[in-house]
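Undergrad: These protein sequence lines are chains A and B, in that order.
Position 210 (the first sequence) corresponds to 224 in my numbering; numbering is contiguous.
Position 125 (the second sequence) corresponds to 258 in my numbering; numbering is contiguous.
Think of the hints as simulated: they come from the structure by calculation, not from any bench.
A hint or two may mislead.
Okay, the calculated bits of chain B under chain A, using three or more residues with CB under 8 Å as the criterion [unchecked claim]:
hint	segment
1	341-348
2	357-364
3	435-443
Sample of chain A residues lacking proximity to chain B, with all beta carbon distances greater than 12 Å (derived) [as the list claims (entries may be wrong)]:
hint	residue
4	Asp252
5	Pro260
6	Asn302
7	Arg354
8	Gln390
9	Gly447
10	Pro528
11	Gln531
12	Cys559
Some but not every residue of chain B turned toward chain A, in silico, with C-beta under 8 Å [claimed, not checked]:
hint	residue
13	Ser351
14	Lys352
15	Gly353
16	Val354
17	Asn367
By construction, the Cβ of each residue, glycine as well, lies at the ideal position given by its N, Cα and C atoms.
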Amino acid sequence: MNADRTPPHSILEIRDLTVRLPPGGDRTNAVENVSMHVNAGEIVCVVGESGSGKSVTAQTVIGLLPREQLTPTSGSVIFEGEDVLTLSRERMRGLRGKRISMIFQEPMTALNPVVRVGRQIAEVFRSHGLEPGRGGMPSISDLLESVRLPEPERLQNSYPHQLSGGQRQRIMIAMALALSPSLLLADEPTTALDVTTQARILKLIREMQDRYHNGVLFITHDFGVVAEIADRVVVMRDGQVVEQGPTDRILRNPQQDYTRMLISAVPSMVPAKRKRAPDAPVALRTENLAKTYGGGSWFRKGWEVKAAEAVNLELRRGQTLGIVGESGSGKSTVARCVVRLIDPTGGKVYLGDTEIGNVRLRELKPMRKRIQIIFQDPYRSLNPRRSIGKSLIEGPTNFGVPEREAWARAVQLLEIVGIDPDAHARFPHQFSGGQRQRICIARALAMEPDVLVADEAVSALDVSVQAQVLDLLTDIRDRFDLSVLFITHDLRVAAQVCDSVAVMHQGRVVEYEPVEQLFAAPTHPYTRELLAAAPGRHWNFQAFCEATETVAALDG
Amino acid sequence: MALYILRRLLAVIPVMLVVAVFVFLLIRLGPGDPAAQLAGDAATAEDIQRIRERLGLHLPIHVQFITWFGNILQGDLGMSIANNRPVSSLILARLEPTLMLTLTTIIFVVLVAVPLGAIAAWNHGRWIDRAVMAFSVLGFSIPVFVLAYILIYVFAMWLGVAPVQGFVSPTDSLYRFFAHIALPVLSLSTIYIALVARITRATVVETLGEDYIRTAYSKGVRDRDILLKHALRNSWVPVVTVIGISIAALIGGVVVTESVYNIPGLGRLTVDAVLASDYPVIQGLILVFSFTYVLINLVVDITYAALDPRIRY
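Same shape as in the complex, but just chain B (with noise of 0.2 Å):
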């Protein structure tokens, strides 16, 4: 298990490399001169030469990756072209409510979908199982950002119980930080709970099915455990599936989100550096996300080995 571990850290090395090569490829060959735009309207072309000498942009594009490259390695990752500070910086200022948004909607989907699934999986047919499949094609329905509005006019405008934007750190003040992150939270979790639950339930049934789960109403074992320790425990490997892939799509998520309740994450920086086309801000921002997706589904597929005996590697 260890080995698999490591090994598996090893491979996330020739992962990342790929994703270097085609981000900064990308900038490179989208349209558009970084330089020129750095300029402005009113630039000489001296002043496009200056700045690109500056930015190292008139080196041969190999020299520019290999230099880039080591900078990367370094922890470098560059200067924000629009406001002029280490892009690693600007990235470690914004993390923590970003991920606090992440984190917090992932338990909350975990803790609401899984049961919601499981119980209506039970009541296979009956009236709960009907009311947790329709609640489920709802949250598929409505996009992000219309729920975001309607839950900011009921509860911060309309009922007055939460603030309508910002964020708190929970280092500040673990109250205000609830109360600041509740509607987020809530508008970025629906659909992963509707998706979530909906996994659960079709994994449920199905395990319910099972020849085992027989074999344990024929040893007498109650209802409760019947569903808790034999369906259940045997339907987490494709709903951790499904959750890893929420928080994966969950990162993209929250630029709506952070943008619509203001709170000051990657979410909103990734939209403020394409609007100011500030390339090594978005590189910067891509690597981060790719490194993320790589350790997520890292941990998921080692969460499979714990799940299920079957599964080693």
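So that you can see chain A by itself, here it is in the shape it has in the complex (with noise of 0.2 Å):
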């Protein structure tokens, strides 16, 4: 609908963009000597780790760098003939929303939590003097059927909390394209959700792209989305644009090692093949573990969540076991039981021959140290205030092992992770999510646990950086002959390091079967849906070709 408008080749326009970063910085320029461009009806990729810029080139295009931080030193950028870095603050914010629109990545944060969504989305149009449903323009509800959000007329009334993060990120895009812009931009927008919301995700922005033929500047670290979805690729890193060209063709024949890297480092659906003894002894297992929340008062109706149950497990030593489901499936409320993080209200957890599902916290104490966890955000799970080295030795010496000691196997695990042993007195923020995380599995090592649970421990890792806390996740499990139970949302990664896999859907196990298994011949309908939302399934990214076989077995 808004081809005639546009001009049919290039919307946007980066010349030889450079953008200095405040004094004091590990390099001199965010960005330096970008250029790239966008087309009317074309999806381009913006790949590269944290870091390399690509989120800086997109805050500059749409004008949203953090003033007086960052500041565009030489180039141009074209959108629609003008170059936005010479237009006044007015000029860019009639700009803003209306002709370049842009989408973020933490859906969970990005709408205003106090306004009705549909409020939100009416506010771009007020903010550009125009009125939904008049003028010749979409009504509300009008929008939130185009991004297919059921019953609109009840669901504008809503406010963010009581949507899902799919959801979210679905009026997100219909806020963005309430005016059709001619390009829309998109951080990382699917990096915070499911595998299969994600997939749902990246079909509307084709389809939405598909009607009103705008540009697409795409800006991803994960090879499988671009694979799904990039009509032509750039790669970044450091700032700098290391290769571009169409999908197909870096895809196919990358020409710069970091670009190879970037591709091999994407996840396969192909279960890592490995020797696995079938009677080492159980580690971990779980009876009819059984969580419900509820509530309820003289003056309230009660209320039932059945969070988990009936979740029956079993976990050798030496293994991997891998939990598999979307958020709220409860494989994490299964992981935080398992360690009495919380308490189960119904089943059995033995650690080896011990119950401890159903202990008393004074006769927990000393088997705690047997199993240890990882969370997620590697960000927020290190004590800011203390020194990597202190968190380390915290768990031990609690459990009265000498501090010198402890200090002995700090050095030690620090070296296993690969963090320089000569860091223990830095502190957290010095260090990337990467290295954040690995620190974090120092911290569990130290306690010298049987089991250890990752609870989505890489899914907040670029794939790079994942790949790489994967192999050290399945090298420390062989070096110390430990069990680990891997919750994850990505089946793709549990094919790396699982053994075998239970698929979790609403509180239930729905499909619990060795890795090659499941991949190859997988019962269950959710287990099916998991498998075909993975993002680039069609593509084997370790040999740089299509992957016809995984998808004729996956499809039969």
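Assembly of the complex is requested from the two constituent chains, each provided in isolation within its own frame, with the hints serving as guidance.
TA: In structure tokens:
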């Protein structure tokens, strides 16, 4: 509907853009001599790790660089014939939301929590002197319907916290496309979503782009997503463009080592082959584990949510058991019950031969060191005011290990997880996300546990870093003969590290098989859905070619 | 929501009961015999005994409490020892000036402090911000009575634009009400303006860094709307908390301000009652103040739910 207004050629042309970082950083410029372009009706993916300058590039285009911190020093950003770097603040505001719009990574925090979503969408119109549903403008319901949200009339009166992550991201998309802009910037819009939701949002972005014929600049770190959605690819590293070209060419024949590394870091859907002892002793077992949340009082009707129900799992020594499912499936509830961060409301948990699900906290305490957990967010799971060395020795010294001994072990562990032991006096913020997760792993290992629970431990990491941390997890499992309970929403990741996988859906285990069998012959419809949702599943990233075999196997 | 309010109102009962027991015991356990004090230095033992019997102080303590509490429930707070009038009517007579002073002050505080804090936050790190913060530190540091005397000296005695002291009811003359209350309000509000402005600034600065503010910018929302509709709208909860605490603390500040400006309110009554060891009046005042605190808390909690849809009771 927009095609006649926009020229068929380039909508956005970035030429030699350099954006300076504030002094004192690890490099002078956030982006340096970056050139790229986006045509109408085209999705261009900008791929790179955190810190590659991909978000800064997008923020420059829409004029949202943090004031007085990041300043474009040279180059030009030509949008529909105008250099946006030279526009006044007010003129730039007039473009935002109307001609250029943007969606962001975190749908949970990107919407104003105290304003109804319908009003937030209407605000896009009103900020540009328009009114939804009048003067040829779509109404709020039209927009909600176009992003396939159910019951638009009711939904527009909801507050963001009443919607799921996927629904919120749809609201964001409805908002971004309300005034049919010619350029959509999408900054990791699916990274924080479940695999199934991600697949649906990617499909929606494709559909919307077909309909409006706008250009899309799509930022991601995941070549799986690239294979799913991109027409062209721009690879960035340390603020510079490393390589760019059509998706097929880049995927088949990457010219740069960095590109090759990023592509092959995408976890494959083919389970890694390894030998395992079928009669290894059972390290962790649950028996009809259940967790029910409920409440009620004199004045209120009782309510009940079955977060997990009748969960029977068995983890043998030296093996990895995966629990896969989307948010709300109960997988994290199981993880937390097993380490007794929360108390199960039914069933039993056996650590070795000892039941720990129902014992009192005093009796539980000596068992704590035998089962340790790593969390999703390495930014928030380390005490920011405590040096990492101190964080590492805290657990063991609590259990009576002499400090000198604990230090010796901490140094050893840092080395094992690939952190320079001389950095033990540093604080968490001085490390990158991947390094922090390594530190968290070392912290867990310091307790010399039998069982390690990894709750979405790699989900917040870039694909390339994720691959390294997965290698580390596998390595320490074999080295210390650990049992790992691996919680993830990503089947691809599970395929890489797990010996067997339990798929959870709505609080129940719906399928529980050895990993090869699960991938070769999934029986439950939900498992099939999860498999079908994996981004880039038609592509074999390790072999740089299409994965016809894998797909045939899955579809058959 | 209506259920929640009802529940909270019912919860006031046990709180007030505890306060009542505490108030009752506090006076009974305190040093000095009220009967002896009342009787004066020249009294004989019989005089004291007579007074004691008249006040019911000779009865067992639990009987005293039951009688006393039963009377309270009927609105009878007892008789003032010092001037022989019912405590309830004494308090009622002094209520208006204090109520007017507190209300005017808190409205003034909100009207000045919230915009000040929001503007400072918007101009984070610039001179306006620094000026507001400097004022804020100053406001914190000046004691109420010092500021009160400075204001009287400058505006009442030197410039002669305001009366030195006294109170006029707004029902008598609105103009004279404002003329009389201006200086007390100014001296009483300064510290709370400083406090509320500071909290508003800090909260708005934090809110301006939220993801949804970035979203609002990306939609092309005007600066003014970003500050008012997005940032300030999301900053109210902590600000309201501090305003609630301020109101509670204000009632304490009233004692000093009323004394300085000679306003015949509850603050003055408190001072007089303490000086005269007028126990029934002190008890009555403590009960009234406690009840006010409980009510303020309730209003603050209900306001939360109105301000943030995520808060539901």
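Undergrad: Each hint: holds or not?
TA: Hints, one by one, checked against the model:
Chain A is given as covering the segment 341-348 of chain B, and this holds because 5 residues of the stretch bring a CB closer than 8 Å to a CB of that chain, at least three being needed. By the rule of at least three residues with a Cβ nearer than 8 Å to a Cβ of chain A, the coverage given for the segment 357-364 of chain B holds, with 3 such residues. With 4 residues having a beta carbon nearer than 8 Å to a beta carbon of chain A, the segment 435-443 of chain B meets the requirement of three or more and the stated coverage holds. Even its closest Cβ contact with chain B, about 24 Å, leaves Asp252 of chain A beyond 12 Å, as expected for a residue assigned away from the interface.
Consistency note on Pro260 of chain A: stated as away from chain B, and its beta-carbon is indeed over 12 Å from all of that chain's, at 29 Å minimum. With a least beta-carbon separation of about 34 Å from chain B, Asn302 of chain A lies farther than 12 Å from that chain, consistent with its non-interface assignment. Even its closest Cβ contact with chain B, about 29 Å, leaves Arg354 of chain A beyond 12 Å, as expected for a residue assigned away from the interface. No Cβ of chain B comes within 12 Å of the Cβ of Gln390 of chain A; the nearest lies about 18 Å off, and the non-interface call holds.
Look at Gly447 of chain A: its CB is around 18 Å from the nearest CB on chain B, clear of 12 Å, so calling it non-interface holds up. Listed as a non-interface residue, Pro528 of chain A keeps its Cβ farther than 12 Å from every Cβ of chain B; the least gap is roughly 41 Å. For Gln531 of chain A, the non-interface assignment is confirmed: its Cβ lies about 42 Å from the closest Cβ of chain B, beyond the 12 Å cut-off. Look at Cys559 of chain A: its CB is around 38 Å from the nearest CB on chain B, clear of 12 Å, so calling it non-interface holds up.
Below 8 Å, beta-carbon pairs count as interface contacts, and Ser351 of chain B has one with chain A at about 4 Å; its hint therefore holds. Below 8 Å, beta-carbon pairs count as interface contacts, and Lys352 of chain B has one with chain A at about 4 Å; its hint therefore holds. The beta carbon of Gly353 of chain B comes within 3 Å of a beta carbon in chain A, closer than 8 Å, and the hint placing it at the interface holds. The closest approach between the C-beta of Val354 of chain B and any C-beta of chain A is roughly 5 Å, which is under the 8 Å cut-off, so the hint is satisfied.
The interface hint given for Asn367 of chain B holds, since its Cβ lies 6 Å from the closest Cβ of chain A, which is under the 8 Å cut-off.
When each numbered hint is compared with the structure, no violation occurs for any of them.
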